[in-house]
Structure formats: structure tokens, C-alpha cells
Amino acid sequence: MMTVVTGTPGTGKSTVAEELERRGWMVVRAAETVGPFVLGDDPDRDTSVVDEEAWVRSFAPVDGIVEGHLAHLLPSDRAVVLRCRPDVLEGRLQARGYARAKVRENAEAEALDVILVETLEVHPQETVLEIDTTNLSLAETADLIEGFIRGTVPPSSGSLDWSAYLMEGL
Numbered sequence: 002m003m004t005v006v007t008g009t010p011g012t013g014k015s016t017v018a019e020e021l022e023r024r025g026w027m028v029v030r031a032a033e034t035v036g037p038f039v040l041g042d043d044p045d046r047d048t049s050v051v052d053e054e055a056w057v058r059s060f061a062p063v064d065g066i067v068e069g070h071l072a073h074l075l076p077s078d079r080a081v082v083l084r085c086r087p088d089v090l091e092g093r094l095q096a097r098g099y100a101r102a103k104v105r106e107n108a109e110a111e112a113l114d115v116i117l118v119e120t121l122e123v124h125p126q127e128t129v130l131e132i133d134t135t136n137l138s139l140a141e142t143a144d145l146i147e148g149f150i151r152g153t154v155p156p157s158s159g160s161l162d163w164s165a166y167l168m169e170g171l
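Numbering of the sequence shown is given in our numbering, commencing with residue 2 and proceeding in unit increments.
Calculated directly from the structure, the hints in this document are not laboratory data. Just so you know, not all the hints are guaranteed correct.
Ranges between beta-carbon positions, derived for each pair [claimed, not checked]:
1) Glu141 / Glu54: 29 to 39 Å
2) Arg97 / Asn136: 12 to 22 Å
3) Glu169 / Glu22: 35 to 45 Å
4) Ala165 / Ala61: 12 to 22 Å
5) Asn136 / Arg58: 35 to 45 Å
6) Leu40 / Ser157: 16 to 26 Å
Each residue gets a CB set at the ideal place from its N, CA and C atoms; glycine is no exception.
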């Protein structure tokens with residue numbers, strides 16, 4: 002069974018993937034598989050441009066977890082979308098040294114549910130779990146993901162509404 006763990010940068014994907022690996026799960030990092038599909042860099046957005054369709058077509062399914070910002074584009078058995086309140090996300094990204102424009106772009110994407118919407122375009126709602134990591138510990142987040150994979154945590158999505166942060170001038 003393949004489970005993808007995705008979310009806006011700063012929501013905790015890499016950190017929880019490390020914890021799941023420590024717990025014995027096989028984890029593939031999507032960022033390590035996109036290299037051949039990078040078309041170039043977008044200096045205005047401080048990011049690489051990936052041929053997402055070619056990457057998805059070539060990706061060999063795994064029995065385990067695929068973690069990454071683009072992981073939700075992959076067909077999988079289950080999809081976990083990590084979320085974080087936009088004001089907290091801003092602080093996390095600023096601490097990483099992200100440029101102000103990139104911080105704002107990602108916080109706005111989080112407020113608009115961009116990754117969740119994209120995930121639901123690929124995955125049926127009954128296979129998606131949305132987790133608000135804002136105030137959860139690493140262990141709590143990993144426990145929820147493990148429970149979802151094992152079928153003891155039910156799917157849920159669409160319960161978070163952070164659109165008010167857009168009005169507050171992120």
C-alpha cells in the first residue's frame with residue numbers, strides 16, 4: 002500500500018517522515034526522485050519547475066510512504082495532507098530564511114487550501130486525511146498517520162478554514 006504525505010512547505014512533512022522512518026516505515030522523498038524532470042529554475046518564485054506529468058507517469062509505486070510537496074499528484078491508496086495555520090507557517094518559513102515573497106506565497110497557498118484542493122482532484126475524499134499540525138507534537142502527527150494507514154483513524158478533509166488570514170493581510 003502506498004501512502005503520500007504532502008502539504009505546503011513548513012507544515013512538517015520532512016520531520017514527520019523522519020519519525021515514521023524511525024518507526025520502521027519505508028519512506029521515499031519525492032524531492033529525490035524529481036531530478037530528471039526539472040525543466041529549470043523560476044528565479045521569480047525561488048523554485049525549480051518540474052514536469053509534473055512526466056514525473057507522475059514515470060514514478061514506480063512503492064509499498065510505503067512517499068513524502069513531499071508534490072507527492073499528492075501521485076496515485077496512491079491513501080493521501081495525508083499536513084496543514085498549519087498560516088501565521089504560524091510564516092514564522093516557520095522565516096526561520097528557514099525564506100525570502101518575504103516566498104513566505105507570503107506559501108502562507109497564502111495554505112490559507113486557500115491549495116494543496117488540499119489539488120489532492121482532492123487526484124484522490125477520492127474517502128482516502129484523504131487532513132491533519133492540522135499547528136499545535137500537534139511530532140509523535141501525535143506520526144500516530145495519526147500510522148492510524149490512518151492501518152485504518153483506525155478515519156479519513157477527514159475540508160474542516161479547516163483559514164481564509165480569514167487573507168483578510169488580515171498576511
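We went through each hint and held it up to the structure:
1. A C-beta distance of roughly 35 Å is found between Glu141 and Glu54, which places it inside the suggested range of 29 to 39 Å.
2. Between Arg97 and Asn136 the C-beta distance comes to about 20 Å, which sits within the given range of 12 to 22 Å.
3. With their beta carbons about 37 Å apart, Glu169 and Glu22 fall inside the hinted range of 35 to 45 Å.
4. Checked against the hint of 12 to 22 Å, the C-beta distance between Ala165 and Ala61 comes to roughly 42 Å, which is inconsistent with it.
5. Separated by about 38 Å at the C-beta atoms, Asn136 and Arg58 satisfy the suggested range of 35 to 45 Å.
6. In this structure the hint that Leu40 and Ser157 lie 16 to 26 Å apart at CB is violated, the actual value being about 35 Å.
When each numbered hint is compared with the structure, violations occur for hints 4 and 6.
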